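S.K.: Here are the chains, one letter per residue:
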Amino acid sequence: MRHIISLLMENEAGALSRVAGLFSARGYNIESLSVAPTEDPTLSRMTIVTSGSDAVIEQINKQLNKLVDVAALIDLSEGEHLERELMLVKVRAEGDAREELKRMADTFRGRIIDETDRTCTIELTGSCAELDSLLEKIGRDLILETVRTGASGIGRGERILKL
Amino acid sequence: MELTGAEILIRCLQEEQVEYVFGYPGGAVLFIYDALFQQDKVKHVLVRHEQAAVHAADGYARSSDRVGVALVTSGPGLTNAVTGIATAYMDSTPMVVISGQVPTGAIGEDAFQEVDAVGITRPCVKHNFLVKDAKDIAPTIKKAFYLAKSGRPGPVLVDIPKDVSNQKASFEYPASVNIRSYHPAGKGDSGQIRRAAQMLLQARRPMIYAGGGVVLSDASAQLISLVRLLNFPCTNTLMGLGGFPASDKHFVGMLGMHGTYEANMAMQHCDVLLAVGARFDDRVIGNVEHFAEVPRKIIHIDIDPSSIAKRVKVDLPIVGDVKLVLDELLDVLRNSTPDAAAMAVWWQQVDEWRAAGGKMRYKNSAEIIKPQFVIEKLHEITGGDAFITTDVGQHQMWAAQYYKFDQPRRWITSGGLGTMGFGLPAAMGVQMVNPGATVACVTGEGSIQMNIQELSTCKQFHLPIKVILLNNGYLGMVRQWQEFFHGNRYSETYMNALPDFVRLAEAYGHVGMRIEKPADVEPALKEAFARKHDLVFMDFKTDPTENVYPMVPGGRGLSEIILAEEL
Numbered sequence: 001m002r003h004i005i006s007l008l009m010e011n012e013a014g015a016l017s018r019v020a021g022l023f024s025a026r027g028y029n030i031e032s033l034s035v036a037p038t039e040d041p042t043l044s045r046m047t048i049v050t051s052g053s054d055a056v057i058e059q060i061n062k063q064l065n066k067l068v069d070v071a072a073l074i075d076l077s078e079g080e081h082l083e084r085e086l087m088l089v090k091v092r093a094e095g096d097a098r099e100e101l102k103r104m105a106d107t108f109r110g111r112i113i114d115e116t117d118r119t120c121t122i123e124l125t126g127s128c129a130e131l132d133s134l135l136e137k138i139g140r141d142l143i144l145e146t147v148r149t150g151a152s153g154i155g156r157g158e159r160i161l162k163l
Numbered sequence: 164m165e166l167t168g169a170e171i172l173i174r175c176l177q178e179e180q181v182e183y184v185f186g187y188p189g190g191a192v193l194f195i196y197d198a199l200f201q202q203d204k205v206k207h208v209l210v211r212h213e214q215a216a217v218h219a220a221d222g223y224a225r226s227s228d229r230v231g232v233a234l235v236t237s238g239p240g241l242t243n244a245v246t247g248i249a250t251a252y253m254d255s256t257p258m259v260v261i262s263g264q265v266p267t268g269a270i271g272e273d274a275f276q277e278v279d280a281v282g283i284t285r286p287c288v289k290h291n292f293l294v295k296d297a298k299d300i301a302p303t304i305k306k307a308f309y310l311a312k313s314g315r316p317g318p319v320l321v322d323i324p325k326d327v328s329n330q331k332a333s334f335e336y337p338a339s340v341n342i343r344s345y346h347p348a349g350k351g352d353s354g355q356i357r358r359a360a361q362m363l364l365q366a367r368r369p370m371i372y373a374g375g376g377v378v379l380s381d382a383s384a385q386l387i388s389l390v391r392l393l394n395f396p397c398t399n400t401l402m403g404l405g406g407f408p409a410s411d412k413h414f415v416g417m418l419g420m421h422g423t424y425e426a427n428m429a430m431q432h433c434d435v436l437l438a439v440g441a442r443f444d445d446r447v448i449g450n451v452e453h454f455a456e457v458p459r460k461i462i463h464i465d466i467d468p469s470s471i472a473k474r475v476k477v478d479l480p481i482v483g484d485v486k487l488v489l490d491e492l493l494d495v496l497r498n499s500t501p502d503a504a505a506m507a508v509w510w511q512q513v514d515e516w517r518a519a520g521g522k523m524r525y526k527n528s529a530e531i532i533k534p535q536f537v538i539e540k541l542h543e544i545t546g547g548d549a550f551i552t553t554d555v556g557q558h559q560m561w562a563a564q565y566y567k568f569d570q571p572r573r574w575i576t577s578g579g580l581g582t583m584g585f586g587l588p589a590a591m592g593v594q595m596v597n598p599g600a601t602v603a604c605v606t607g608e609g610s611i612q613m614n615i616q617e618l619s620t621c622k623q624f625h626l627p628i629k630v631i632l633l634n635n636g637y638l639g640m641v642r643q644w645q646e647f648f649h650g651n652r653y654s655e656t657y658m659n660a661l662p663d664f665v666r667l668a669e670a671y672g673h674v675g676m677r678i679e680k681p682a683d684v685e686p687a688l689k690e691a692f693a694r695k696h697d698l699v700f701m702d703f704k705t706d707p708t709e710n711v712y713p714m715v716p717g718g719r720g721l722s723e724i725i726l727a728e729e730l
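So the protein sequences, as listed, match chains Z and R.
Residue numbers are given in the numbering used here: position 42 of the first sequence equals residue 42, and the series is strictly consecutive.
Take any residue in the second sequence, count from 1 to its spot, add 163: that is its number in the numbering used here.
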């Protein structure tokens, strides 16, 4: 099953490699990983999307918690949560296709952030599934580049991960 | 007053009451060695290979309750140390390893003797640090010792660039340490402990399975009280030997791949299993599916939550320090006893297995020395009171089976990583921290050659270790597997051109003895152990065809155990 794990870790050199190394050393799946400092610059927040059986997910949570640099951890998928990913996609946009593309971006509530005679770059934020869906609609033939950040997650309401 | 980073480091070691540092100098640690030279509180033991420094620190820590300390230079010094660090990590030894690093300005430039120490050791340390400023040395060392010793112990590496060790900073050793992201477990959950007590009292076929966590937590006394109070059978893992006295009637021997018949059968057929500081390792329970076929309730006490429910499903987890949890469990259980009738039936069954398991005994010979016989005599002559280190292979299993440990911290072996070359350097650490004690290294002719250069260190530091070499001319454990599972094709397990170990020992300035007849085993051991101040290297020519029994073949279940005469 797909899980989205969110954690707070010391913002120190090498902390990211401890997490990444743990996943590769123990053979866990990693679908995406995004990380950046928080309002407290000594802490980084990381979101990991992974998958595995319940037993494997339990081990992943425990092994992550065991890392000395990991200060707090929550498996967001165990409760109400929000999940967003940012995507930038550059598309071949010539002639009639350009109008069609703009309509498509509108439908998905995406924004055109760059245009040239022949290309058009769309910014879209949404769930991973929404991003997948836009890419499918555009079609691989027209897509020149896709950049995705991986999911960022946060608990709903009072579900807060803080030190 | 400002001190250099190197001076600060040595002051920190003094503050931590470090008695010995095991190490090897080099370019990146010159300032540190200079600071060591100018004081005499922290003593340095010069080894002949960095791997040995770490194993010696490991033996030092395991045979005491202290943190082992090793010091190596950058690059090859560090990479040589990695096997020792991984060994300590797998067996949870509290240890601080200090490595030199190229100057900060040269990091990343492929400088001479540069290696990414933090990156290379990351998967085999509890934690590691690269210190970039001399003012960070003291807080980092404080954290390193705290991390190494608290919670589930383990090795911590501190990498110090050369310029940092020569940079000046003010020194103040922190009185306390607080790591906001690190909270090792202490007491167990009281509700869980009460539920465990009930489950134990309702058991009809209980079993206590105790591992290295009992030794690390210094919880032997608590375990003994618990076993005797409940009158339950108790087994030890390889790492746990000595955690429960082998001479106690409740002890059914070591379990696992080369465990006793009675321990493995009781493990497989019990209805309530109490696992204490043990981790259901593959060498211990064999095939997980086979193990899980039996409907038994499992209570698991461990300080490391990730050890719980890793390989087997656990019904009642208790995360906490083994000693504190057992103390509380004993309190709850006070004045209660399990069902006496059920226990009588269960003990009758266990004793039947014990009688059948007696078959694991080897057949002694008057013509050729049986390795098991040597260990039995070793036990007898040392009064069961020696510190025994080993290398890895058949000799290790025979030592585990036939040297009956009654006390914790006397059995020093590489269990998790299975590191050949561990025994002799580990014995050096043991002897350093237990100066008057009898220390023997049981080894094989394959293993001993992996760190034999340490005979030189032993000479320099007058370490009267007794090396018990069970020399069968083969890499015996591999040969055994080849006999059982690879059609007797002994691929590369016969060592041609073995050295004359007696002359080799003599060349290093020690006493060498060769023992070729069973009748000479006892007198030779007596003579060797009477030499209180000499290292005696005893080369026992043993039966090359002897196998370790019983054996649970890899991937099989515990009850699929092979006893000696079945083959």
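No lab work stands behind these hints: they were computed from the structure.
One should not assume that every hint holds.
Residues on chain R that point at chain Z, a partial pick, calculated with CB under 10 Å [claimed, not checked]: (1) G282; (2) P286; (3) H290; (4) N291; (5) L293; (6) P468; (7) S469; (8) K680.
All of these numbers come straight from a predicted model, not from anything done at the bench.
Cβ coordinates follow ideal geometry from the N, Cα and C atoms, glycine included.
S.K.: Going by Cβ atoms only, is P286/R closer than 10 Å to chain Z?
M.R.: holds (5 Å)
S.K.: Per the CB criterion, is L293/R less than 10 Å away from chain Z?
M.R.: holds (7 Å)
S.K.: Hint check: is the beta carbon of H290/R less than 10 Å from a beta carbon of chain Z?
M.R.: This hint holds: H290/R lies near chain Z, its Cβ roughly 4 Å from the closest one there, short of 10 Å.
S.K.: Hint validation: P468/R versus chain Z, beta carbon distance must be below 10 Å. Holds or violated?
M.R.: Where the cut-off is 10 Å and the nearest Cβ of chain Z is about 5 Å from P468/R, the hint holds.
S.K.: For the hint on G282/R, just tell me whether its beta-carbon gets within less than 10 Å of chain Z.
M.R.: holds (7 Å)
S.K.: May I ask you to test the interface hint for N291/R with respect to chain Z, counting a Cβ-Cβ separation under 10 Å as satisfied?
M.R.: holds (8 Å)
S.K.: Any CB of chain Z closer than 10 Å to the CB of S469/R?
M.R.: Holds, because the Cβ-Cβ distance from S469/R to chain Z comes to roughly 4 Å (cut-off 10 Å).
S.K.: Is the interface hint satisfied for K680/R? The criterion is a beta-carbon contact with chain Z at less than 10 Å.
M.R.: violated (50 Å)
In terms of the numbered hints stated before, the structure departs from hint 8 and from no other.
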